[in-house]
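Protein chains in written order, with the UniProt record's numbering: chain Z, 1 to 349; chain W, 1 to 349.
Treat the hints as calculated values from the structure; they're not laboratory data. Errors might be hidden in some of the hints.
As the list claims (entries may be wrong) - Quick look at which bits of chain W chain Z covers, simulated, 3 or more residues with Cβ under 8 Å:
(1) 31-45
(2) 59-67
(3) 93-105
(4) 130-143
(5) 282-288
Claimed, not checked - Distance condition first, Cα-Cα at most 20 Å in a straight line; then the derived EDC-like pairs of lysine to aspartate or glutamate:
(6) Z/K72 - Z/E47
(7) Z/K138 - W/E47
(8) Z/K138 - W/D65
(9) W/K31 - Z/E153
(10) Z/K31 - W/E153
(11) W/K31 - Z/D152
(12) W/K138 - Z/D65
(13) Z/K35 - W/E185
(14) W/K154 - Z/E47
Glycine residues also receive a C-beta, built at the ideal position from the N, C-alpha and C atoms.
There are 2 protein chains.
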Amino acid sequence: MFENKGRTEIEQLGEFGLIDHLTKNFGISNKSTVKAIGDDAAVLNFEGKKTLISTDLLLEGIHFDLAYTPLKHLGYKAVQVNLSDIYAMNGTATQITVSIGLSSKFPLEAIEELYEGISIACEKYGIDVVGGDTSSSKQGLIISVTSIGYADEKDICYRNGANEGDLLCVSGDLGGAYIGLQLLEREKNIFLENPNIQPDLEGKDYIVERQLKPESRKDIVESLKLMKIKPTSMIDISDGLASEILHICKQSNKGCNLYEEKIPIDPMTYDTAREFGIDPTVCALNGGEDYELLFTIKQSDFEKIKNNPDISIIGHMTEASAGCNLISKSEKVHPIKAQGWNSLKGIQE
Amino acid sequence: MFENKGRTEIEQLGEFGLIDHLTKNFGISNKSTVKAIGDDAAVLNFEGKKTLISTDLLLEGIHFDLAYTPLKHLGYKAVQVNLSDIYAMNGTATQITVSIGLSSKFPLEAIEELYEGISIACEKYGIDVVGGDTSSSKQGLIISVTSIGYADEKDICYRNGANEGDLLCVSGDLGGAYIGLQLLEREKNIFLENPNIQPDLEGKDYIVERQLKPESRKDIVESLKLMKIKPTSMIDISDGLASEILHICKQSNKGCNLYEEKIPIDPMTYDTAREFGIDPTVCALNGGEDYELLFTIKQSDFEKIKNNPDISIIGHMTEASAGCNLISKSEKVHPIKAQGWNSLKGIQE
Numbered sequence: 001m002f003e004n005k006g007r008t009e010i011e012q013l014g015e016f017g018l019i020d021h022l023t024k025n026f027g028i029s030n031k032s033t034v035k036a037i038g039d040d041a042a043v044l045n046f047e048g049k050k051t052l053i054s055t056d057l058l059l060e061g062i063h064f065d066l067a068y069t070p071l072k073h074l075g076y077k078a079v080q081v082n083l084s085d086i087y088a089m090n091g092t093a094t095q096i097t098v099s100i101g102l103s104s105k106f107p108l109e110a111i112e113e114l115y116e117g118i119s120i121a122c123e124k125y126g127i128d129v130v131g132g133d134t135s136s137s138k139q140g141l142i143i144s145v146t147s148i149g150y151a152d153e154k155d156i157c158y159r160n161g162a163n164e165g166d167l168l169c170v171s172g173d174l175g176g177a178y179i180g181l182q183l184l185e186r187e188k189n190i191f192l193e194n195p196n197i198q199p200d201l202e203g204k205d206y207i208v209e210r211q212l213k214p215e216s217r218k219d220i221v222e223s224l225k226l227m228k229i230k231p232t233s234m235i236d237i238s239d240g241l242a243s244e245i246l247h248i249c250k251q252s253n254k255g256c257n258l259y260e261e262k263i264p265i266d267p268m269t270y271d272t273a274r275e276f277g278i279d280p281t282v283c284a285l286n287g288g289e290d291y292e293l294l295f296t297i298k299q300s301d302f303e304k305i306k307n308n309p310d311i312s313i314i315g316h317m318t319e320a321s322a323g324c325n326l327i328s329k330s331e332k333v334h335p336i337k338a339q340g341w342n343s344l345k346g347i348q349e
Numbered sequence: 001m002f003e004n005k006g007r008t009e010i011e012q013l014g015e016f017g018l019i020d021h022l023t024k025n026f027g028i029s030n031k032s033t034v035k036a037i038g039d040d041a042a043v044l045n046f047e048g049k050k051t052l053i054s055t056d057l058l059l060e061g062i063h064f065d066l067a068y069t070p071l072k073h074l075g076y077k078a079v080q081v082n083l084s085d086i087y088a089m090n091g092t093a094t095q096i097t098v099s100i101g102l103s104s105k106f107p108l109e110a111i112e113e114l115y116e117g118i119s120i121a122c123e124k125y126g127i128d129v130v131g132g133d134t135s136s137s138k139q140g141l142i143i144s145v146t147s148i149g150y151a152d153e154k155d156i157c158y159r160n161g162a163n164e165g166d167l168l169c170v171s172g173d174l175g176g177a178y179i180g181l182q183l184l185e186r187e188k189n190i191f192l193e194n195p196n197i198q199p200d201l202e203g204k205d206y207i208v209e210r211q212l213k214p215e216s217r218k219d220i221v222e223s224l225k226l227m228k229i230k231p232t233s234m235i236d237i238s239d240g241l242a243s244e245i246l247h248i249c250k251q252s253n254k255g256c257n258l259y260e261e262k263i264p265i266d267p268m269t270y271d272t273a274r275e276f277g278i279d280p281t282v283c284a285l286n287g288g289e290d291y292e293l294l295f296t297i298k299q300s301d302f303e304k305i306k307n308n309p310d311i312s313i314i315g316h317m318t319e320a321s322a323g324c325n326l327i328s329k330s331e332k333v334h335p336i337k338a339q340g341w342n343s344l345k346g347i348q349e
């Protein structure tokens, strides 16, 4: 996949040379960035605000497969995955650090692709790259991103603030990233069996993009502010709706009723899941990687939100003793179980 | 190395179970930690101060060799390496995030050892663990630490503030970590050739500890404050004295004279280097991993510092056009060249 652009061995640059080369086009767009790359530590100024920090590790063979993941997309996704955690606090993301471990199979041109994706994501979301580390790796590609942001104390949304009667809401639609992954895996396997068959992803752009190039929901955080809604709790959906709902219920010490018919699923997700013989609801509940926001709001905020096409009300919070329940389309009650992506096994459980 | 403590497979716990298990004993000791582990992001409060952020990646086979690195030491070192960057800004380190990638060869007991080292380092240095990520890895052990701290704006020491005539100072002694590594590598090779021969590290505790269990120089930052000295520039020595001096010279646009006879080298480092047929000065200049602080001070601060047993004055800054020079014991002038540890090659150049 790196053949067309020439091949410059990274050793020729050395570590400092590589960092200089990759970061020379990174500008600074946030007033809070006092000093970015180039010293022992970045210096940030969040005077009067709370600082938010989150970090994620992305490993080749576990979190991504370079057989079907373009490096530019991967860089973009690595940033989005991390920003999503800052937005899930109802915060403003402003900086990231990026550490990369590289095996010798990657020429400079490949890493430039990766950094181009990082750069595009940062530009689009107004993020400054303020530090990082590069290292050789005996172990394929390793990406560790730490995201940094801020919020006024009164605006921060934790997972533990949901109250009985609160409405359970979710942005966008769910399950697409998971079913997109199934599609990519299928086409990879067909290709491995017969390299003459080209991948058939026609008409599947949306779900493939959901997997390869997710968008964190900065826009939802901004919309909520405009609507003057402060969620009582919030979390981003990285491990699947079921797992995230249980986090909110557990930390808020509440139960919930989730209505299957209310879960937003895109028609392409729905149809492709059916093609694969998978229940679309299961994709939404357990698939993960959608990076949508799950949050609870007071009932009194219902009027403000009810006509927003990008937010679905999917249930409500109950007392803890009532449990966490999924009400199926046939009105059966099932306890919600976390069967999210377990990255420690690297397989869907 | 993990045989004696039983073997619990990590899969049994799952990701959330593992995080809960490993972090249950981490307390909070800093007022600036508003919310540590358990939400999408940590929440920190540095009101009125600047926030400092630094990050490092440690990879098995590149940065450490588990053949002779106890996991407890490795956890301790991973923390120290990162704190060192915050101290090098003349800041106070307060929090870290720790992300770990684990292959299935590690049972829970091994990771508990690693976290015990992390925990001991955090307790000793007053650091809160406020987040992280755990993942399976197909690729050995991966450790990514981000350190967070703060400083008053007026106290921050960048690399670019050195002036002509400033005194060049270094804490502690140099070269020990490098020669300790040579010793460990030698004993490993002897063991591999003949497993009946036990490692002979007797009387070499100091240099072995310099390699396996370095201490970041929080104490020096505190001493400088007590002495009312603000360095004009500062950097920590991770890649070797030569490389770090060149960073200061380049970023400050100055030259320097470094006096070989003034470079602090411990007698054990000196003698062991001679045993290996290596010039002890080269160990200090190019060895790296000492995590001492290199800094410049105004000449008017000389009286305050001259009797401090833990700080050596090793040279002075000159105008840029004079170049960066090492004055040897025989009073020959050599231009200083960076030949530091190049982790992109994983070998000493």
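Now for the hints, and whether the structure bears them out:
1. 31-45: Held - the stretch 31-45 of chain W has 10 residues with a Cβ nearer than 8 Å to chain Z, which meets the minimum of three.
2. 59-67: holds (count 5)
3. 93-105: It holds, with 6 qualifying residues against the three required.
4. 130-143: Holds, because 12 residues of the stretch 130-143 of chain W bring their Cβ atoms closer than 8 Å to Cβ atoms of chain Z.
5. 282-288: violated (count 0)
6. Z/K72 - Z/E47: Since the Cα atoms of Z/K72 and Z/E47 sit roughly 35 Å apart, the hinted pair is violated (cutoff 20 Å).
7. Z/K138 - W/E47: Distance of about 42 Å is beyond 20 Å: violated.
8. Z/K138 - W/D65: holds (12 Å)
9. W/K31 - Z/E153: Cα-Cα ~15 Å, so holds.
10. Z/K31 - W/E153: holds (15 Å)
11. W/K31 - Z/D152: Answer holds: W/K31 to Z/D152 is near 17 Å, not above 20 Å.
12. W/K138 - Z/D65: holds (12 Å)
13. Z/K35 - W/E185: Roughly 39 Å between the alpha carbons, so the hint for Z/K35 and W/E185 is violated.
14. W/K154 - Z/E47: holds (15 Å)
Hints 5, 6, 7 and 13, counting from the list given before, are not met by this structure.
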